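Required output: the full structure, derived from the provided sequences and hints.
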Amino acid sequence: PALLTGFDVLLHASRWEGLPRAVVQALLTGIPAVTFDNDGAPEVVFDHETGILVPLGRTDRLAEGVLELAADPALRTRLGVAGRRLCLDRFDWRTMVDELDVLYRTPTEPPAPDANAPSPLAQ
Numbered sequence: 001p002a003l004l005t006g007f008d009v010l011l012h013a014s015r016w017e018g019l020p021r022a023v024v025q026a027l028l029t030g031i032p033a034v035t036f037d038n039d040g041a042p043e044v045v046f047d048h049e050t051g052i053l054v055p056l057g058r059t060d061r062l063a064e065g066v067l068e069l070a071a072d073p074a075l076r077t078r079l080g081v082a083g084r085r086l087c088l089d090r091f092d093w094r095t096m097v098d099e100l101d102v103l104y105r106t107p108t109e110p111p112a113p114d115a116n117a118p119s120p121l122a123q
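So the sequence shown is numbered by our numbering: it starts at 1 and just counts up by one.
Please keep in mind that the hints were generated in silico from the structure rather than gathered at the bench. Note that the structure is predicted; figures quoted are calculated from it, not measured. Misleading hints may appear alongside valid ones.
Computed Cβ-Cβ distance ranges for the label pairs, DEER-style [what the hints assert, rightly or not]:
no., residue 1, residue 2, range
1, G57, L4, 22 to 32 Å
2, Q25, R94, 15 to 25 Å
3, L67, V97, 34 to 44 Å
4, P73, F46, 12 to 22 Å
5, R78, A13, 15 to 25 Å
6, T95, D39, 35 to 45 Å
7, W16, V81, 54 to 64 Å
Quick reminder that beta carbons are idealized off the backbone N, C-alpha and C, glycines included.
Dropping the structure here:
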């Protein structure tokens with residue numbers, strides 16, 4: 001994260017990655033991200049709210065997103081502030097504990113038996 005303080009924008013061009021740590025780290029530093037709209041990136045990058053999302057494979061649109069943010073410092077700042085706020089709220093340990101607590105306390109229905117499954121008593 002210390003290295004990110006010199007960045008204006010994070011360009012993240014990964015095609016397959018769960019929730020990209022680099023994107024979260026950039027947002028926590030107040031750096032907006034330009035990334036493909038696949039896998040976990042859309043969980044934290046909302047187009048023109050916390051960064052710029054582009055369709056998977058559209059590298060031309062990645063470049064356009066970087067140029068857009070380079071040309072508009074106010075937009076860059078607004079997205080960076082919003083991204084930092086989102087990640088501070090979403091990844092705060094208290095928020096995560098509360099979400100897990102609700103998950104563990106929510107009753108679930110047992111799976112329906114499979115009529116075609118052999119009886120566990122049959123040998």
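To see whether the hints hold, each was checked on the structure:
1. Evaluation of the 22 to 32 Å hint for G57 and L4 yields a pass: the beta carbon distance comes to about 26 Å.
2. Between Q25 and R94, the C-beta spacing of about 20 Å keeps the proposed range 15 to 25 Å intact.
3. Taking 34 to 44 Å as the suggested C-beta distance range, the pair L67 and V97 conforms, at roughly 41 Å.
4. For P73 and F46, the Cβ-Cβ distance of about 20 Å falls inside the hinted range of 12 to 22 Å, so the restraint holds.
5. As the Cβ distance of R78 to A13 is approximately 23 Å, the hint placing it in 15 to 25 Å holds.
6. The hinted window of 35 to 45 Å between T95 and D39 is violated, with their beta carbons roughly 22 Å apart.
7. Taken as a hint, the range 54 to 64 Å is violated for the pair W16 and V81, whose Cβ atoms sit roughly 29 Å apart.
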